[in-house]
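Student: The chain contents come next:
There are 6 protein chains.
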Amino acid sequence: MEQDHLYTTHSDAASRVGAVIQHTVEELSRPTDIEQNMMPVSRGPLPSVEVVREIVDIVKTIVFPEFLDRLRGTRTMHEARLSVSIEKLFRLLSKEISHCVYEQNLGESTEQAAEEGMDKALSLIERLSEIKRLLYTDVQAIFDNDPAAENFGEVILSYPVVQAMVHYRLAHQLMLLKVPVLPRIITELAHSETGIDINPGATIGEYFAIDHGTGVVIGETCIIGNHVTLYQGVTLGAKNFTLDGEGHPVNVPRHPILEDHVTVYANATILGRITVGHDSIVGGNIWLTESVPPYSKIVQRCADCKGYESSK
Amino acid sequence: MEQDHLYTTHSDAASRVGAVIQHTVEELSRPTDIEQNMMPVSRGPLPSVEVVREIVDIVKTIVFPEFLDRLRGTRTMHEARLSVSIEKLFRLLSKEISHCVYEQNLGESTEQAAEEGMDKALSLIERLSEIKRLLYTDVQAIFDNDPAAENFGEVILSYPVVQAMVHYRLAHQLMLLKVPVLPRIITELAHSETGIDINPGATIGEYFAIDHGTGVVIGETCIIGNHVTLYQGVTLGAKNFTLDGEGHPVNVPRHPILEDHVTVYANATILGRITVGHDSIVGGNIWLTESVPPYSKIVQRCADCKGYESSK
Amino acid sequence: MEQDHLYTTHSDAASRVGAVIQHTVEELSRPTDIEQNMMPVSRGPLPSVEVVREIVDIVKTIVFPEFLDRLRGTRTMHEARLSVSIEKLFRLLSKEISHCVYEQNLGESTEQAAEEGMDKALSLIERLSEIKRLLYTDVQAIFDNDPAAENFGEVILSYPVVQAMVHYRLAHQLMLLKVPVLPRIITELAHSETGIDINPGATIGEYFAIDHGTGVVIGETCIIGNHVTLYQGVTLGAKNFTLDGEGHPVNVPRHPILEDHVTVYANATILGRITVGHDSIVGGNIWLTESVPPYSKIVQRCADCKGYESSK
Amino acid sequence: MEQDHLYTTHSDAASRVGAVIQHTVEELSRPTDIEQNMMPVSRGPLPSVEVVREIVDIVKTIVFPEFLDRLRGTRTMHEARLSVSIEKLFRLLSKEISHCVYEQNLGESTEQAAEEGMDKALSLIERLSEIKRLLYTDVQAIFDNDPAAENFGEVILSYPVVQAMVHYRLAHQLMLLKVPVLPRIITELAHSETGIDINPGATIGEYFAIDHGTGVVIGETCIIGNHVTLYQGVTLGAKNFTLDGEGHPVNVPRHPILEDHVTVYANATILGRITVGHDSIVGGNIWLTESVPPYSKIVQRCADCKGYESSK
Amino acid sequence: MEQDHLYTTHSDAASRVGAVIQHTVEELSRPTDIEQNMMPVSRGPLPSVEVVREIVDIVKTIVFPEFLDRLRGTRTMHEARLSVSIEKLFRLLSKEISHCVYEQNLGESTEQAAEEGMDKALSLIERLSEIKRLLYTDVQAIFDNDPAAENFGEVILSYPVVQAMVHYRLAHQLMLLKVPVLPRIITELAHSETGIDINPGATIGEYFAIDHGTGVVIGETCIIGNHVTLYQGVTLGAKNFTLDGEGHPVNVPRHPILEDHVTVYANATILGRITVGHDSIVGGNIWLTESVPPYSKIVQRCADCKGYESSK
Amino acid sequence: MEQDHLYTTHSDAASRVGAVIQHTVEELSRPTDIEQNMMPVSRGPLPSVEVVREIVDIVKTIVFPEFLDRLRGTRTMHEARLSVSIEKLFRLLSKEISHCVYEQNLGESTEQAAEEGMDKALSLIERLSEIKRLLYTDVQAIFDNDPAAENFGEVILSYPVVQAMVHYRLAHQLMLLKVPVLPRIITELAHSETGIDINPGATIGEYFAIDHGTGVVIGETCIIGNHVTLYQGVTLGAKNFTLDGEGHPVNVPRHPILEDHVTVYANATILGRITVGHDSIVGGNIWLTESVPPYSKIVQRCADCKGYESSK
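Residue numbers (my numbering), protein chains in the order written: chain X, 768 to 1079; chain A, 768 to 1079; chain G, 768 to 1079; chain W, 768 to 1079; chain L, 768 to 1079; chain E, 768 to 1079.
Bound-form chain X, shown alone (with noise of 0.2 Å):
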């Protein structure tokens, strides 16, 4: 009948079965050389995934409630149901971050972390309405750009951006709380879902929008100002890293400065603590690593030419 029998019957098999399953419990019971170099303080366990995508999932609820819910009603049970969800993300919430406070910070006790948890959980809360006001402005950003677009909804339920914004915007004030690891996994989940990348320690402004999206890759300490709009493919990330003691790259500022009302055009690259001035234009496939003035309209150097040879 099943597999399984196979081995089951035929003694012989199912001894050499153990035998070897025995053996490579041992072996994987020894740590290896890298494991034992780990400091203690980095093999915590962590949040849970499953449990940071239902904290993500009620956030954008709370967001976005007309577009994500079939319900509707009078004010009153608009607002029960809003306040049960704002609670069920405050025990959610308040649990994980204790976890990794606790499990980063050593020597703090249990008492402490949970504490800990609740205070940041509630400083969450009380910025949602400021993440939700701040979403609002990349939707009408993504939907100005987009011709394709026909409404808001649309948008909202089904562009990988407005998931990946969700993601940062809920990270980025979770890492300024300074609550550790938590925010990293929230962005890298949106990293995996949509392929757009950005860094929870990246500040981003008002009214931001990435078309397409594939492939965006945006650094721990780039700063982007309001009404800036990037296309797929786009990098702004470092140039070179510098290197600690013990090589280890040390985190300082090194990721390009967009200030507002800035467009970047698909697979452009950006790389270094360079500043791109308002109102400029970065076009597709540029490698730019030096800083440009307001205004600037940065293109492929020879404008006449095609940039390809034709042979037919």
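Keep in mind that the hints were calculated from the coordinates and are not lab data.
Warning: the hint list may mix true and false statements.
Pairs count within a copy or across copies, as identical chains cannot be separated in the list.
To be verified - Within a straight-line C-alpha distance of at most 20 Å, the following computed DMTMM-like cross-link-like pairs (lysine to aspartate or glutamate) qualify: (1) 855 / 1057; (2) 899 / 824; (3) 827 / 817; (4) 899 / 793; (5) 855 / 833; (6) 945 / 878; (7) 827 / 893; (8) 945 / 917.
Knowing the structure of chain X, use the given hints to seat chains A, G, W, L and E on it.
Tutor: Same frame as chain X, but now just chains A, G, W, L and E:
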């Protein structure tokens, strides 16, 4: 015990949490500026993403039953399974279409919307065998183009591009049937899952292959012939927008036309309503904004230069 | 009430729906031209994607138990958990391998396939500790390369590239064991989830890091040394195919060799069976189709030009 | 591999299985004699058992929130949770009631049925606080009657009789609102789960207790006063039926009346439209078919005999 | 945070827990006296209860499609649904039967067991329409016997006795097909869910009704004619056992025969291989151990006495 | 579309629904008289029924692994599975016990409750092998008593009485460990599922069998010897209560003592703190309220009368 006990048993904490939640509910209930300016028509609740996913999965099972279903049997049993699948598809689809129609077409009654949902769902079902035929040509093209592919089954089961094409071919038919909102949601789902972003409005011929696929963007007004092959990171985009009086971009033909037997290599960017003549090849990383005649071969400008400097 | 009532209670509608469904069933039951020409060998049902996902998840838990499992305890308890996980892996894997073997190797009996499934699954289990060792070197390399990474746990839990490497390292071993179909399905799953497309046939050494990752493509016959680092959008591809008599491309060495300590920056494209010598650096957006010696530093052609024109 | 391969790969077996299935389908499609004689009105599809279960669970949560929900908080948060639960109850209930009304009341339109569903669901909601009050009296009575009960929570969470009373009290109100079919389905569900069979038509006063409960039967036209207690296996049944012209029993008052403060011990059987006067006690295993006055104490006939013979 | 942290972070506690678990594992691994004396034949793993539940649910859907399925449509669509259901039933059933056969019939090969499973499953399917016919007679009888029943649908959907009869009628056919173990598991499941305990070996005619049902017991060798009605708590049991040499009771005819048109009222107990003649009535609480002729009316001994003493 | 649209789009309906819900929320938030008089100690949230079910299932798997788990393998693999199961049991149990202890023992801190939960959970685990031993004696007794039983597996997998005994044997040990609330919840779950109501306080010896089982009631202070057998509907109950000053019944020894080798047939009722001497038999439907010496055989009073009148 559990976290929530902490704020429960200490009444001070409980009332503080309560106060914050209540305050946040009030703030969130107050519509933002952007919300206030949205037209009511765009605020309708939207299709459930889970149902849309289910719809596409059923279509995939209907089109590729031998590959996705371990069941076999007589032709009668096979037809019975098909019939049950199609009926389920009809029910899900007519409901979701009615929903979209009702939410978008102000003034229509629920009865009219239901009627329209049924009609359009039936029309879609009548096109299933054409969708199947096209998808088989795509699978053939993908298989022929990939030396690493061992058989059709592997391609159908696991290649992201096949997933993207099922979404697109279904969504495109729904778009032709003038179903609102749903087509875009279907293709954006594929975008999220595969990193391939094909607008449902694009017109794509038979035997269409994308290799690797991540980062491909195909715009709304593209027209792609038969036997066309794209590689990862290819953009078929718009060069610039025409804005209407309110500053919102106008939806006019603005994306490239690729005639039959065109191949576009990785990360090439083709922008604007230009025509790439049949049997042309566009090399990798090319930035193309002007039409080229049939049999063109577009490569890096200086065929003899290496395009880089080696410093050893 | 529900949609389906509408077509139920009006017998005209019901019979119309019935007629369309019946007609469509008949059309769909008639095999397309392409179906008719497929060899029977390639029509077998294939592994269940859900089971494949489960297999990879178990491997991940076996390799990184401290990071994915909140449980702790004595060494005996830890070993018991490992043993149970490995046994489950053995059962799932031997079943899926048998299935693939049976479907692909015409003429083999179900008993032979089952035997082969067990043998190959056991062999894979014997290689688990080597897979673990390699994956720890990858995690170390990824961590060392990312200033934003705070600890190993964060990297393991949430970085898409780790997910991609678990899939690849497992799939590659299965490929060495000559398991058909399954390896490619495993890596294509990672491709879908992470946007990183590594062919299971590629050979990759220790301490392999990819940063950001979206859009990376690593071809089937690539050979990559130790301590190699890639950035997002890097393609290690084929330049052109050799076709066999029937026009299907032949599977020969056609992808690059990267020796130890090579770094390739974002969106670089390296094509063909060329060798990038050890300790070389390939800059971003470079298009490289010829071998370069060790210690090469490949940068944009004109070091002094900005590669663009600024019009302010 | 799997069983179904066996009949697949041997085409004889496959066609034999196919033939049997096809033949059986044909036989089963031919309606039986009884099916043919059923009036169409009684053939409508019926409420989903899963939804009915969900409805009762929500009612239980509304009535006993402190016992079934580990959440606590401020009064505002509590009210928000209640509001959300009641709204959900309203939606589920109005849909199921409309469904029942539509199926049973031939000639009514779906709009009328929907209207009626909403009206009756709202009426039920208005009675929720009365249902709650009655259920608390039942819990008090059950608790007072059981020396082994330690607190209310234990009783509410785990005593089957409480489950049975929630079902009955809800179903009885729906019956008073003339909802067809649904009430009986609700009480039969409790019958299945608890072995306590209370017809929704029965009238039961405050402070009603059943101890142990398995095998209790309470008929449709029973009238039970306040502070009545039953033990396991008690039947309050009909003595005989009045048949109508077609031989189907007529629904007339045919079950007992138990006045206030009556206690009936285990396995007693009380049949027919008789009255057990207030403050009476009916002993175990008694078979009672005639009315008894208040303050009666009904015991085995021969108080002095042991009712059995001991042979040692 | 979570409980398991407590024993984790205090290494004393962790090792204590570890020691207790390890010790308990050792104790539990040592077989008890009873385990040691069990014959190996009786130790085989058994059918999955979940699958058995699924099997019965499919049978119920096949038999009563109009009542359990909200779908409607043309006859062709109805037949397609039937075909798919029967095929699924065939797969589940042939697998479980093979499993039971293999475990019970020592010496048989897995191939023989698989063959036998298929044969018996097919035979069962050939009897489905007879099972359906009988179940409709039961529903008719139950409906006719209950003044509170409003229509067939209510009876089929919610009466526990219908659930019990579906289990019994299916299990009885499997018993006639000499399927080991499975029949009893099927009826015991109904026993758990409904409190009605019908041995699958019992022979029961058409138009069989049980009212209320809880506590009914029908023994293995009972023979029940057509148009028989039982009430709650009726036992049709054995009077005493014949023991074999090892003291285990022998399985011989030992339960009552009830001829056509017999009615047995609540809590009556009929024991031993006696015959209750056709058209007889057995009153409630009667203890009957001798045969009675046709048209008997068995009532409490003293028709004039009340069977109790009233002390007011 | 869906029902809720109806009240949505007609604002009158929406506000009416809103008003009713709001009013009902207010009414339900006002505590009833009975709620107000409950002592706070009895209002704590209680164990989750789902977790309790999971706990009992794990115990069942630990006790009967060969029968419930299709897996086999070497002794080491078997022990690993046991270890993992016991560890999971420890985690669930210590959490639920802590929860119960905390809610019931006012004044205790969460740390003390957690400590106590761990201690008691560990003690329970130390008793698992004794629980296993006893359950095997029960299975042996049930098997020996049932001519229709074919093997142990069938009994263990499907007989409701085995389910009831697993619940009882576990709950009884928890009661001896002075765990509050949980034991009763465990046995009431079995009561719901099997119709067998055994109070966890009852003391029951080895080799205990119940046949058929529905309706059996075993009171809190019962003492039952070894090799005792009961049939369906047997009550071992209290005759009357001693009330305390507040009218609540006092928990004193009030249920029967059954010495070794006693058999009680169907529907017999034995009440009060009496002793049934060893090797006695109590016949069916007997009502026994006085002690009887060893070797008694209690049968219907008039051995020669039929106990009924036959009128033909």
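Student: Work down the list of hints and note, for each, if the structure agrees.
Tutor: We went through each hint and held it up to the structure:
1. For the homomeric pair residue 855 and residue 1057, neither the shortest alpha-carbon distance inside one copy (47 Å) nor that between copies (55 Å) is at most 20 Å.
2. When the C-alpha separation of residue 899 and residue 824 is checked against a cutoff of 20 Å, the pair qualifies only within one copy, where the shortest distance is 14 Å, while the shortest distance between copies is 33 Å.
3. In the homo-oligomer, the alpha carbons of residue 827 and residue 817 lie at most 20 Å apart both inside one protomer (15 Å) and across protomers (16 Å), since each shortest distance falls under that limit.
4. Proximity of residue 899 and residue 793 under a CA criterion of 20 Å is satisfied inter-copy only: 13 Å between copies versus 52 Å inside one chain copy.
5. In the homo-oligomer, the alpha carbons of residue 855 and residue 833 lie at most 20 Å apart both inside one protomer (19 Å) and across protomers (17 Å), since each shortest distance falls under that limit.
6. Taking CA atoms no more than 20 Å apart as the test, residue 945 paired with residue 878 passes inside one copy only; the shortest distance there is 18 Å, against 28 Å between copies.
7. In this assembly of identical chains, residue 827 and residue 893 lie within 20 Å of each other by CA distance solely inside one copy; the values are 16 Å within and 33 Å between copies.
8. In this homomeric assembly, residue 945 and residue 917 come within 20 Å of each other (Cα to Cα) only across copies, at 13 Å, whereas the closest approach inside a single copy is 39 Å.
Comparing the model with each numbered hint stated earlier shows that hint 1 is the single one that does not hold.
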